[in-house]
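Trainee: This is what each chain is made of:
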Amino acid sequence: MNPWPFVIAAYGVAIALTLALLLWSFASMRRAEAAADTLKRQ
Amino acid sequence: MHALANPARFLRYARPATAWLLLVGGALAIAGMTAGLTLTPPDYLQGDTVRILYIHVPSAWLGMAGWLGIAAASVSQIVWRHPLAAIAGRSVAPAGATFAAICLITGSIWGRPTWGTFWEWDGRLTSMLILFFMYLGYIALASAERERGGEGRVTAIYGLVGAINLPIIHYSVLWWRTLHQGESIGITGSTIDKSILWPLPLTMIGFTCLFAAATLMRMRAELAEAKVEARLRRMGRE
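Residue numbers (the working numbering), protein chains in the order written: chain A, 1 to 42; chain B, 43 to 280.
By construction, these hints were calculated from the structure, which means they are not laboratory data.
Since the model is a prediction, treat every value here as computed from it, not as a measurement.
Not one of these hints is a red herring.
Computed, partial: chain A to chain B, Cβ under 7 Å:
#: 1; residue: Met-1
#: 2; residue: Pro-3
#: 3; residue: Phe-6
#: 4; residue: Ala-10
#: 5; residue: Val-13
#: 6; residue: Ala-14
#: 7; residue: Leu-17
#: 8; residue: Leu-21
#: 9; residue: Leu-22
#: 10; residue: Ser-25
#: 11; residue: Glu-33
#: 12; residue: Ala-36
#: 13; residue: Leu-39
Don't be surprised by glycine CBs; every beta carbon is placed ideally from N, CA and C.
All chains, full assembly: derive it from the sequences and hints.
Mentor: Structure, rendered in structure tokens:
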């Protein structure tokens, strides 16, 4: 059995899920901090 | 720890720490994965499949460490009523759930060429799957309790009780000997050859930094949301 499709699939899943977590965390942080800043300036 | 329980002081450290953790974590994870895919030799028994080790082991560690963080935050909340404890617990949960999922999926992919099956109901796999479902339960419970305006004490008790699963996961390979291999990496040493093992600390530290960065970003988001809610309440009263 060729192991490389399994290795590539495992790395693909790990990288995709880690990036999704970081991007979601970053986007929610930016959105919340921008809303707090806007309200502070009012 | 007690000094950082002040939200303003916490943010003073969290803002620069987030960027540094992302930078260092990204660099180390990429270096470790590249080295693991290209520079290490294949295993004499498993061949190139062993390269899944460099992502599977860090995700298993972070899946378990995440719940350890939730348990510590729960103790802080129940015993000392730290203002940041509930926020810390809620912020660790999505990262812990993600890495528990990565551990389950990469382990399953590793199992097919090694064991001949994607899944087996053995002690380690089942207890890890339970951990993943416990994360989902924690996220749902924390969200429901927050919407009702609760202090998060029920969630904290759930987080503390759930820590019972951690020693079960750790010792599962000793208690129930089925498909999953026994402990190959311990505190004192490893049974894996150094020529294969050396990129593992890079991915371990790298993914741990990324986990911490994701948690800090969630904490910052929750603090900002709380600030907005408080200000809107104040404006409504005026």
